[in-house]
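Work out the full structure: start from the sequences and follow the hints.
First to last, the sequence lines map onto chains A and B.
Counting with full-length UniProt numbering, you get residues 1 to 220 for the letters of the first sequence.
Counting with full-length UniProt numbering, you get residues 1 to 220 for the letters of the second sequence.
Simulated from the structure, these hints should not be mistaken for lab results.
Note that the structure is a prediction, hence the values are computed from the model and not measured.
For glycine and all other residues, C-beta sits at the position ideal for the given N, C-alpha and C.
A couple of the hints might just be wrong.
Stated by the list, open to error - Residues from chain A shown here face chain B by an in silico Cβ test under 10 angstroms; the list is partial:
no., residue
1, SER28
2, GLY115
3, ARG168
2 protein chains.
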Amino acid sequence: MAQQARAIQTRRSILVAAADVFDERGYSSATISEILARAGVTKGALYFHFASKEDLALGVMDIQLHSDPLPPQLTKLQELVDQGMILAHRLRHEPLVRASVGLAMDQAVEGLDRGTPFRAWIDRLELLLRAAKSQGELLPHVDPGETAEMLAGSFSGIQVMSQVLSNREDLGRRISVLLHYVLPSISTPAVLATLDMAEDRGERLLRTLETVPSQVGTPN
Amino acid sequence: MAQQARAIQTRRSILVAAADVFDERGYSSATISEILARAGVTKGALYFHFASKEDLALGVMDIQLHSDPLPPQLTKLQELVDQGMILAHRLRHEPLVRASVGLAMDQAVEGLDRGTPFRAWIDRLELLLRAAKSQGELLPHVDPGETAEMLAGSFSGIQVMSQVLSNREDLGRRISVLLHYVLPSISTPAVLATLDMAEDRGERLLRTLETVPSQVGTPN
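Rendered as structure tokens:
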């Protein structure tokens, strides 16, 4: 068991190091030797867990697909908002999340299916929107599938722009602006009036989660 | 004059070749020798116009900043919609435009100011939104600056997602969806009812422009 825990820990440090390097250099300029140096592990240890740079990228992208569930809220649309606000906050503070999203956006990532992380993110939002629809939270014309795609696409571009213009300092505000413009076209007025879409929503939510250790922070 | 025209033509072919290579490989994997081969020009000709790969990238990004003006419409918000729909159409059909946007989104582009194309795009949209505001087309709470940033950011992400999921086949539809969700939070109802945000808007508009040769298609 101690040995298994150590292996999980080593795998995690390699992924964190790979994420740092992918995040700083982009995929194609990243080298295994820089990842090795950053992780402080032997070549043997790295190749025990990951066969190649591609395999490392897959491991990093995978992180995003398995993030922990968020606490249930009074409305499904608040949970939808929370997904965006939490991701905005984690992008600012967690290199693993940053690299995971960065790889999906990186044109130089050839041979890897960059569609998988997009589809996983779209599916998660679509599920929430379908639940919102069945609870009567959506305006009648709203199509959960196309709305989920629009939100995922918009989010992904706004985070690149925020990275370029402010090193993601203003990401919370920018995602809050997006939600303020889009939600009135999605939500019934009664639900809209209850939504917390403030730019510090992600930070506040994460602080609550940190007091409930069983729900967050466990490595995959 | 004939010599100058040839020089402009050569510069243009080099930029088109560079755009193709950047678009296919991403910035960091692109090589000068592949661009040379693609352009069918001598090394001397290329270095006469561009000092380095960075300089080529600047030239390609610059294209986006100097695209031709679109025809005036009855409302400034229709002109705003047209900017997005035309860009969606050009992204599908013009490698130069594709590479120009791609470079702004490419994390591996180090040492170049990727903020410039974003700011130029934001400025253009903000100008249209300010004009729309002064014509009474906007809802009272709308802030032209943050709205322009939100639209530019959303657009840029949706085009990456469309590229990943459908090789941009569905880009017109996706931008039309974005506009349908966002414009009701920007436009007065009376103007909203007049807006043409259909997914083939860009194509139709470009067809009109092609019959007015003085307005379009002149290289910079």
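> Can you give the numbers of the hints that this structure goes against, from lowest to highest?
Replying inline: Those not satisfied come down to hint 3.
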